Amino acid sequence: MRSAHAIHAARDPPGMASAAQFCVETLGDYAVDRELPASPGETCAEATHRVLPRRARLRIAQHRDAGIRLMREACILEALRHSGVPRVFEIGVTDGLPWIADELVLGTPLAAPIPVEQVVLVIRDACAILAHLHRRGVVHDGIWLDAFVRTDDRGMCLTNWTRARLGEPEDGKADVHALGTAIYAALPGSAPLGVVELVDRMVAPDTARRPSAAEVAQEAARLAEVAGGFDDPEIEEVILLTDLSRDPVPAISKPKWTPAPALAIPVEGRAPIAILKQRT
Amino acid sequence: MARHRTDTSARFNEGARVGDYRIERELRSEDTGLVYTGTHIVLPRRAAIKVMHPAQAYMRALAVQILREACVLEALSHPGVPRVYECGVLEDKRPWVALELITGDTVAELVARQPLALPDLVTMLHAAADVLEHAHARGVVHNRLTDASIVRTPQRAVPFSVRGWGDVVAHDSNLAAEPSGDVHDLGLVAFRALTGAMLREGDTVSAIAPSVPAALATLVDDMVAREPTARPTAAEVRERAHDLALELAPASPRAVTSDVPKHVEDSPSSFTIRIHRSG
Numbered sequence: 001m002r003s004a005h006a007i008h009a010a011r012d013p014p015g016m017a018s019a020a021q022f023c024v025e026t027l028g029d030y031a032v033d034r035e036l037p038a039s040p041g042e043t044c045a046e047a048t049h050r051v052l053p054r055r056a057r058l059r060i061a062q063h064r065d066a067g068i069r070l071m072r073e074a075c076i077l078e079a080l081r082h083s084g085v086p087r088v089f090e091i092g093v094t095d096g097l098p099w100i101a102d103e104l105v106l107g108t109p110l111a112a113p114i115p116v117e118q119v120v121l122v123i124r125d126a127c128a129i130l131a132h133l134h135r136r137g138v139v140h141d142g143i144w145l146d147a148f149v150r151t152d153d154r155g156m157c158l159t160n161w162t163r164a165r166l167g168e169p170e171d172g173k174a175d176v177h178a179l180g181t182a183i184y185a186a187l188p189g190s191a192p193l194g195v196v197e198l199v200d201r202m203v204a205p206d207t208a209r210r211p212s213a214a215e216v217a218q219e220a221a222r223l224a225e226v227a228g229g230f231d232d233p234e235i236e237e238v239i240l241l242t243d244l245s246r247d248p249v250p251a252i253s254k255p256k257w258t259p260a261p262a263l264a265i266p267v268e269g270r271a272p273i274a275i276l277k278q279r280t
Numbered sequence: 001m002a003r004h005r006t007d008t009s010a011r012f013n014e015g016a017r018v019g020d021y022r023i024e025r026e027l028r029s030e031d032t033g034l035v036y037t038g039t040h041i042v043l044p045r046r047a048a049i050k051v052m053h054p055a056q057a058y059m060r061a062l063a064v065q066i067l068r069e070a071c072v073l074e075a076l077s078h079p080g081v082p083r084v085y086e087c088g089v090l091e092d093k094r095p096w097v098a099l100e101l102i103t104g105d106t107v108a109e110l111v112a113r114q115p116l117a118l119p120d121l122v123t124m125l126h127a128a129a130d131v132l133e134h135a136h137a138r139g140v141v142h143n144r145l146t147d148a149s150i151v152r153t154p155q156r157a158v159p160f161s162v163r164g165w166g167d168v169v170a171h172d173s174n175l176a177a178e179p180s181g182d183v184h185d186l187g188l189v190a191f192r193a194l195t196g197a198m199l200r201e202g203d204t205v206s207a208i209a210p211s212v213p214a215a216l217a218t219l220v221d222d223m224v225a226r227e228p229t230a231r232p233t234a235a236e237v238r239e240r241a242h243d244l245a246l247e248l249a250p251a252s253p254r255a256v257t258s259d260v261p262k263h264v265e266d267s268p269s270s271f272t273i274r275i276h277r278s279g
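Protein chains in written order, with my numbering: chain B, 1 to 280; chain U, 1 to 279.
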């Protein structure tokens with residue numbers, strides 16, 4: 001068995017895609033099972049702890065810059081502590097370069113299109129995680145749909161923390177924008193207006209108008225509560241009350257928009273969802 | 001396992017190194033070993049580091065028990081159970097385990113200060129029963145639940161956490177214990193908190209503390225029933241505690257069952273919902 005020092009990884013310059021292979025069979029208390037795709041400057045593998053019933057993802061930095069980045073990421077993940085954030089198990093140094101053993105997140109990455117009945121739940125869960133890290137001054141800076149993984153045992157988990165950094169709470173709105181953009185692209189053909197409006201606000205170019213992740217999570221939770229019937233096969237029709245006080249389509253020649261009594265949006269395989277006007 | 005950079009003193013003083021942890025102070029002595037608090041030298045992490053007692057270094061069974069505890073805790077994934085960070089072996093073959101440091105007042109300390117308010121007691125019952133249900137469903141029995149092993153942890157996701165898993169028994173062990181024993185032990189904790197007295201043969205909560213709501217008194221009496229089969233399961237305790245919490249705090253019915261982030265849950269709803277069935 002080769003020692004942990006027998007790493008045959010090529011040292012790529014920073015930012016270059018890694019072609020190196022994970023050639024270590026054991027690292028710390030972990031036995032390597034198989035190689036995994038890695039971020040630039042790293043090699044990555046799936047591994048099993050020799051004593052604990054634990055499977056982990058091992059990542060070894062290939063050069064100094066990647067090592068610093070890896071340690072920064074480990075410290076951020078450790079400080080966050082949230083069920084939607086992967087755990088850091090151990091860190092170490094081998095051959096003068098840092099390595100990290102973190103949680104192997106098993107699940108299904110989000111992919112487009114998101115089913116209509118799940119959109120609001122996805123926004124709620126994703127923004128609850130973002131709100132947690134933004135409150136602690138952390139910006140993810142690498143939000144895309146497949147960074148969110150749906151797991152069986154702990155709900156949504158946010159991965160891909162390579163670019164995570166410390167920032168001002170206001171900087172978190174960039175994450176909200178990135179999530180909004182990703183959701184926007186993944187929206188199904190017909191989605192409840194409340195959700196569309198929320199996504200519109202998430203991608204607002206003006207950061208002052210863009211809500212924080214906590215606000216989006218809050219709003220999405222409300223919408224999810226209203227739309228709770230989406231997941232209930234017993235409910236054949238849901239009256240979703242939302243704010244239609246303004247015309248969703250810019251009026252050109254209409255002097256004043258008169259709200260329709262009901263607007264039916266067809267949902268695949270279900271009875272129409274009637275969206276009515278509500279003034280509160 | 002990791003053996004590098006580790007001091008091998010019989011007892012560790014402040015500043016000594018165990019793995020990548022710098023010892024801060026000795027926390028307590030348990031049957032299986034000494035527990036220290038330590039800080040990771042790189043990560044923003046404080047840990048409870050359990051090291052096998054030097055006097056027991058020749059007892060292989062104890063070494064196995066320390067690692068068994070780590071393995072069982074690793075298999076349990078519940079916010080009310082301490083996480084395992086890492087484990088290792090000192091140069092003299094004594095195993096050590098770094099666990100999540102759970103700080104807070106134990107139920108024993110809370111009760112010693114002043115009687116627990118009924119909603120707090122019900123919350124404690126609910127939280128502890130939830131942990132036990134999680135463990136029992138995975139074939140794990142705590143086996144030594146006391147008022148010193150239940151800790152109030154308002155800063156964590158759950159209001160109370162359970163520590164002190166040193167005597168944990170898994171279903172594959174020769175020492176297999178009954179889950180109902182944990183329910184009995186939790187019942188004893190609640191009995192003592194409610195009545196201020198130790199349980200004696202024939203005692204009931206309603207007889208000693210008649211002011212306790214009947215449903216709560218019955219629950220605790222059922223939990224400490226002499227016959228194990230007469231005791232409720234941990235899941236049933238959790239359910240009944242949940243119902244009690246609703247009774248005791250009607251203004252905040254979801255106080256105990258919070259699984260939604262607080263900032264989400266607290267938001268007032270400006271929407272109303274009406275569900276109509278077609279046809």
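Misleading hints may appear alongside valid ones.
[Claimed, not checked] Now the stretches of chain U that chain B is said to cover, found in silico as 3 or more residues with beta-carbon under 8 Å:
1. 26-32
2. 83-93
3. 188-200
4. 214-222
[What the hints assert, rightly or not] Partner residues aside, some chain B positions facing chain U, computed with beta carbon under 8 Å:
5. R54
6. M71
7. A79
8. E168
[Stated by the list, open to error] Between beta-carbon pairs, the in silico distance windows are:
9. U/A235 - B/D33: 53 to 61 Å
10. B/E225 - U/A215: 25 to 33 Å
11. U/L27 - B/R154: 57 to 65 Å
12. B/A111 - U/P119: 39 to 47 Å
Just so you know, the hints here were simulated from the structure itself, not pulled from any lab data.
Note that this is a predicted model, so its numbers are computed, not measured.
Quick reminder that beta carbons are idealized off the backbone N, C-alpha and C, glycines included.
Less than 8 Å between beta-carbons is the criterion; does B/A79 satisfy it with respect to chain U? holds, 5 Å
Mind checking, does the segment 188-200 of chain U have 3 or more residues with a CB under 8 Å from chain B? violated (count 0)
Check, residue by residue, whether the segment 26-32 of chain U contains three or more positions whose beta-carbon lies closer than 8 Å to a beta-carbon of chain B, and give the verdict. Three-residue rule not met by the segment 26-32 of chain U, so violated; n is 0.
Is it true that U/L27 and B/R154 lie within 57 to 65 Å of each other by Cβ? violated, 29 Å
Hint validity - B/E168 Cβ closer than 8 Å to any chain U Cβ: violated, 19 Å
Just tell me: holds or violated, for the beta carbon distance of B/A111 and U/P119 against 39 to 47 Å? At roughly 44 Å between Cβ atoms, U/P119 and B/A111 fall inside 39 to 47 Å, so the hint holds.
Is 25 to 33 Å right for how far apart the beta carbons of B/E225 and U/A215 are? holds, 29 Å
May I ask you to test the interface hint for B/M71 with respect to chain U, counting a Cβ-Cβ separation under 8 Å as satisfied? holds, 7 Å
Chain B over the segment 83-93 of chain U, status - at least 3 residues with CB closer than 8 Å: With 6 residues close enough to chain B, the hint holds.
At least three residues with a C-beta closer than 8 Å to a C-beta of chain B: is that true for the segment 214-222 of chain U? Answer violated; 0 residues pass the 8 Å Cβ test.
Falls inside 53 to 61 Å, the C-beta gap from U/A235 to B/D33? violated, 35 Å
Supplied contact hint for B/R54, tested at 8 Å Cβ to chain U: holds, 6 Å
Of the hints listed earlier, those the structure fails to meet are numbers 1, 3, 4, 8, 9 and 11, in rising order.
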